[in-house]
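Chemist: Letter by letter, the chains look like this.
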Amino acid sequence: MIPALELRGLRKGYPEGGRTHVVLDGVHTVVAAGQRVAILGPSGSGKSTLLNLICGIDLPDAGSVLVSGTDLTALSERERTLFRRHRVGFVFQFYNLLPTLTVLENLLLPVELKGTVGAEEEARARDLLARVGLADRGGTFPDRLSGGEQQRVAVARALVHRPDLVLADEPTGNLDEDTGAVVADLLDELVRSDARTLVVVTHSRELASRMDRVLRMSHGRLEEVRP
Amino acid sequence: MKHPAQLVLSVLGVALGVAVVVAMDLAIQSSREAFRLSTEAVAGRATHALVGSVGGLDEALFARVRLDAGVRASAPVVEGFATSPALPGMALRVLGVDPFSEGPFRPFLAGGSTGVDVSALVAVPGAVVLSSATAARAGVAPGDSLSVRVEGRERRLPVVGVLEPADRLARAGLRDLLIMDVASAQELLGKVGRLSRIDVRVDEGGAGEVQLARVAGVLPEGVRVEPAGTRAAALAGMIRAFDLNLTALSLLALVFGMFLIYNAMTFSVVQRRELLGALRALGVTRREIVAVVLREAVWVGAAGAALGVALGVVLGRGLVRMVARTINDLYFVVSVEGLALPPQVLVLGALLGVGATLLAALPPALEAASAPPRVAQLRSALEASARRAVPRAAGAGILLFLAGGALLAVPTRVLAVSFAALFLIILGMALMTPLGTVGLVRSARPALARGGGILGTMASRGVVTAMSRTAPAVASLVVAVSVTVGLGVMIGSFRGTLTRWLGGTLVADVYVSLPSTQASHAEGTLEQAVVDALRSHEAVAGWSTYRGVDLSDRVGPFRLVALELDPRGEAGFDFLAGGGAGAFAAYRRGGAVLVSEPFAYRRGVAVGDSLSLPAARGDRRYAVAGVFTDYASDQGVVMMARGAYDAAWDDGGITSLGLFLRDGADADAVVEELTARVPEGQTVMVRTNATLRDGSLEVFDRTFQVTAVLRLVAFAVAFVGVLSAFMALELERAREFGVLRANGLTPGQLWRLVTTQTGLMGLVAGVLAVPMGLVLAWVMIYVVNKRSFGWTLRMEVHPDVLLQAVALALAGAVLAGLYPAWRMSRTSPAAALRGE
Chain W
8 MIPALELRGL RKGYPEGGRT HVVLDGVHTV VAAGQRVAIL GPSGSGKSTL LNLICGIDLP
68 DAGSVLVSGT DLTALSERER TLFRRHRVGF VFQFYNLLPT LTVLENLLLP VELKGTVGAE
128 EEARARDLLA RVGLADRGGT FPDRLSGGEQ QRVAVARALV HRPDLVLADE PTGNLDEDTG
188 AVVADLLDEL VRSDARTLVV VTHSRELASR MDRVLRMSHG RLEEVRP
Chain D
326 MKHPAQLVLS VLGVALGVAV VVAMDLAIQS SREAFRLSTE AVAGRATHAL VGSVGGLDEA
386 LFARVRLDAG VRASAPVVEG FATSPALPGM ALRVLGVDPF SEGPFRPFLA GGSTGVDVSA
446 LVAVPGAVVL SSATAARAGV APGDSLSVRV EGRERRLPVV GVLEPADRLA RAGLRDLLIM
506 DVASAQELLG KVGRLSRIDV RVDEGGAGEV QLARVAGVLP EGVRVEPAGT RAAALAGMIR
566 AFDLNLTALS LLALVFGMFL IYNAMTFSVV QRRELLGALR ALGVTRREIV AVVLREAVWV
626 GAAGAALGVA LGVVLGRGLV RMVARTINDL YFVVSVEGLA LPPQVLVLGA LLGVGATLLA
686 ALPPALEAAS APPRVAQLRS ALEASARRAV PRAAGAGILL FLAGGALLAV PTRVLAVSFA
746 ALFLIILGMA LMTPLGTVGL VRSARPALAR GGGILGTMAS RGVVTAMSRT APAVASLVVA
806 VSVTVGLGVM IGSFRGTLTR WLGGTLVADV YVSLPSTQAS HAEGTLEQAV VDALRSHEAV
866 AGWSTYRGVD LSDRVGPFRL VALELDPRGE AGFDFLAGGG AGAFAAYRRG GAVLVSEPFA
926 YRRGVAVGDS LSLPAARGDR RYAVAGVFTD YASDQGVVMM ARGAYDAAWD DGGITSLGLF
986 LRDGADADAV VEELTARVPE GQTVMVRTNA TLRDGSLEVF DRTFQVTAVL RLVAFAVAFV
1046 GVLSAFMALE LERAREFGVL RANGLTPGQL WRLVTTQTGL MGLVAGVLAV PMGLVLAWVM
1106 IYVVNKRSFG WTLRMEVHPD VLLQAVALAL AGAVLAGLYP AWRMSRTSPA AALRGE
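Which chain is which? The protein sequence lines are W and D, in order. Counting in my numbering, the first sequence runs from 8 upward without gaps. Counting in my numbering, the second sequence runs from 326 upward without gaps.
These are calculated hints, taken from the structure and not from any lab test. A portion of the hints provided could be inaccurate.
[As the list claims (entries may be wrong)] Far from chain D, by Cβ distances over 10 Å, these chain W residues were calculated:
hint	residue
1	33
2	52
3	69
4	155
5	171
6	185
7	213
[What the hints assert, rightly or not] Where chain D lies over chain W, by a calculated footprint (3+ residues, C-beta under 8 Å):
hint	segment
8	11-18
9	83-91
10	105-116
Even glycine gets a Cβ: it sits at the ideal position worked out from N, Cα and C.
Bound conformation, chain W alone (with noise of 0.2 Å):
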């Protein structure tokens, strides 16, 4: 079987002070498909990094990235676009949602993106919109939500196009602790319902124990920690 994610030897730097500070140093791991894997490790070392490089917004200096045999490394920019807008979905610490559209509207992005709105995918949206409880704020725009239920709805807008891979950056690194394990809740319980692959970069020990796998990132290489 073909797993949802592997890493082959990943190197990435950034240029400082006319030096390199090399941030990936020979990453590997392979994922399989419906796996839930958190990424530990301290500030700066390189998990954001490492979730750019798995989802095509960032390139390795060498090394490759198959999602689902695919590498990433291998395409056009343009390619890896088109991949991520099918097979992604990605929930941001800062939740990000577009502060022009509306709930709902915001939800709607990947779909209308990938061209496939319709009522079948609008009644998708609102059951997901239902599941992280904000199935009232269809219409409202997001700097009148607070940040849970920004980050809930981050959480419905990462799984409406039924992405084979969710790649989550922090996802409670901006809540508070009660808040925190309700997004928690609801990314394990979406995740875990529709059978999707999910990597999960955090500092939450909490997120982290309800993952089937933990691996740490150190010194610019991934370890496992629990597999």
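Position chain D against the provided structure of chain W, taking the given hints into account.
Modeler: For chain D alone, kept in the frame of chain W given last:
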């Protein structure tokens, strides 16, 4: 500086604004300076001048002034204009003097200092002296002859000397002078026995009063004593309205530049709200924050002003030719050698640039100081307060608009008041544009959502939700495009009115005149033999003759035209008041005159009033029988029957001739035959009605070239402003675009999103600019033009001008959006998400 392009655009905006103001000022000042130097060179050190009416003075008067009145410091002068094939495009001022009387007046002719033996002027018939620079340009030296044309006749004049001016000013003053002996000049200019004026120099104080009284005692009727420079001042005054119109237009460009600064400084403040909030938390006072922002503005303003002054000098070199040509076409002969660079113009331009920058930076500076002493106020809160400000801005705009309207209603002829009102109206309408933008964008949203889905919705909502950025950009574009609409409609209306007027006025089939140094009217005197030869052509069924002379009264110069009209010629008058059979009867009898609208407006005369004109033997009064439309001279024209003119002035000349052809005659063929009848050696312009009309429209189009340049520069400034605003807007949305890209938005879709939004803003600006432009056109046509030039134009709105404006705004905005779109589409989504 995080975004150096923003800084560059700000500096460029100020620079362009300052450049156009400086360039226009330099062009006008250079023309005025050239005229002043030339006039001073001719006037010399005279304190007074004796001047007559049409045809000047009898030369015998000179002897009476010198001998009977005992004023030894007096000199006869004969003046006129000539051209030379060796000096193309240059009108030469012929100055006929008596070298032996010149000592107290024009030092360059006094001998000695310039090394010219001026006595040769007297000894050699037709001899001429010119400045060394002009001689070099014409390729002549002492001993050669210079070919000149006067009133269509070509003559070769022996060059007996060249003047070596002592300094730059003297060189500029002498460059267009052809100096001759009085007798030679009289002969050349067809003024035998006549003088243009007699210069006198009297002592200061009581002794001078006594000398003037003695002079007055020997003067015949119709000759008066004027302080030196009176006529020059009157001539210079002719272009005051022209100057002010150009200056006001150039100031508009600076206003657009202010929009740009406002944008850039606001952007810079918004970007640093966190920092400013932190500084406030650390104890930095509001006043100190304002000072920090204003200090930055001073640097931007200073850099922009320095660049603007340099650009202004470059642009001024091009504009000075256009301005000088327009002055030549419409007002008086001036020959501009180069760009004068008066330091006060450059300093004023620089100060204006820095001042405008500080003024534009003040609102963002105050906003920066209002940042709470904690971490940044949310951008959404800022935008919410911007949206709340929209109705308030519209309210303030309405008040300013009404204030401008009220100011326009003030019955004054002070042009500055009209322009102040115009600026208030523009500012008022600019403040109303955010409300108009919100309304239009909201009404366009359903269509955009249908056509573009969520991206279409985002494009339209983005305009309203980012009001703090979009409002100044749209307002600046609206103002720039509305000015384009306003000027376009005004020029179109003027051209339409002029075309109709020419069609109605030029009723003869063929017009005959001498080549003129000025385009707006014929000059010189047709030889009677030529007139007779042309009138006797078998195809000619009737004729009208015109005699145009320049007179002056307390208001300023005007033109008196004596008409011997074919009955068909009377149909050429379009009366605004009076006219009709009774008026024509009074006019034919000689007791009444017809005056042009500008003449009536400037002097406040109406039908039934009495008018005093300086006739050959003293002032004569005439009744005003009609006020007619006329667009040939904004100084005013008085028309009287030829008989009345002959009775009051000793001048039998004919300036131009209108010929009515028999039915079926081919005007073009007749023109060829008539031209063949002109004696050899004389150039007479024989033109069909259509050719003359086309020529007049050509002059009109040339006149508005300066305006076209100003429109272009103003639009360029607005374009830079919009580019800057859009860039700020899109840069601020970098994270938003990063999210979209992470969600699968392709670079192509990003392009479409950005250009749809900027295009929408352009379209909105174009649509809003149309009514605003029409209001501006109305004010310019019915108030500014009337008060500047005294004529009424009929407002004509051609749909193509309006469509062009909308297309211009749309194209400008889409173009301005291209760079931010390109930049955003090339930015790595990861970098955008990191907030880089």
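Chemist: Beyond 10 Å from every chain D Cβ: check whether that's true for residue 33 of chain W.
Modeler: 20 Å, holds
Chemist: Is it correct that the beta-carbon of residue 52 of chain W has no partner in chain D closer than or equal to 10 Å?
Modeler: 15 Å, holds
Chemist: Beyond 10 Å from every Cβ of chain D: is that where the Cβ of residue 213 of chain W lies?
Modeler: 25 Å, holds
Chemist: Establish whether the coverage given for the segment 105-116 of chain W by chain D is satisfied; the threshold is a Cβ-Cβ distance below 8 Å, and no fewer than three residues must meet it.
Modeler: holds (count 7)
Chemist: With a cut-off of 8 Å between beta carbons, are at least three residues of the segment 83-91 of chain W near chain D?
Modeler: holds (count 5)
Chemist: Against chain D, does residue 155 of chain W keep a CB gap of more than 10 Å to every residue?
Modeler: The claim holds: residue 155 of chain W sits with its nearest Cβ about 17 Å from chain D, beyond 10 Å.
Chemist: May I ask you to check that residue 171 of chain W keeps its beta-carbon over 10 Å from the closest beta-carbon of chain D?
Modeler: 13 Å, holds
Chemist: Tell me if chain D covers the segment 11-18 of chain W under the three-residue, 8 Å CB rule, please?
Modeler: violated (count 0)
Chemist: Checking a non-interface call: every C-beta of chain D should be farther than 10 Å from the C-beta of residue 185 of chain W. Is that right?
Modeler: Consistent with the label, residue 185 of chain W stays out of reach of chain D, its closest Cβ about 23 Å off (over 10 Å).
Chemist: Run the C-beta distances from residue 69 of chain W to all of chain D and say if the shortest one exceeds 10 Å.
Modeler: Nearest chain D Cβ is 17 Å from residue 69 of chain W, so the label holds.
Figure legend: structure checked against the earlier numbered hints; the only hint not met is number 8.
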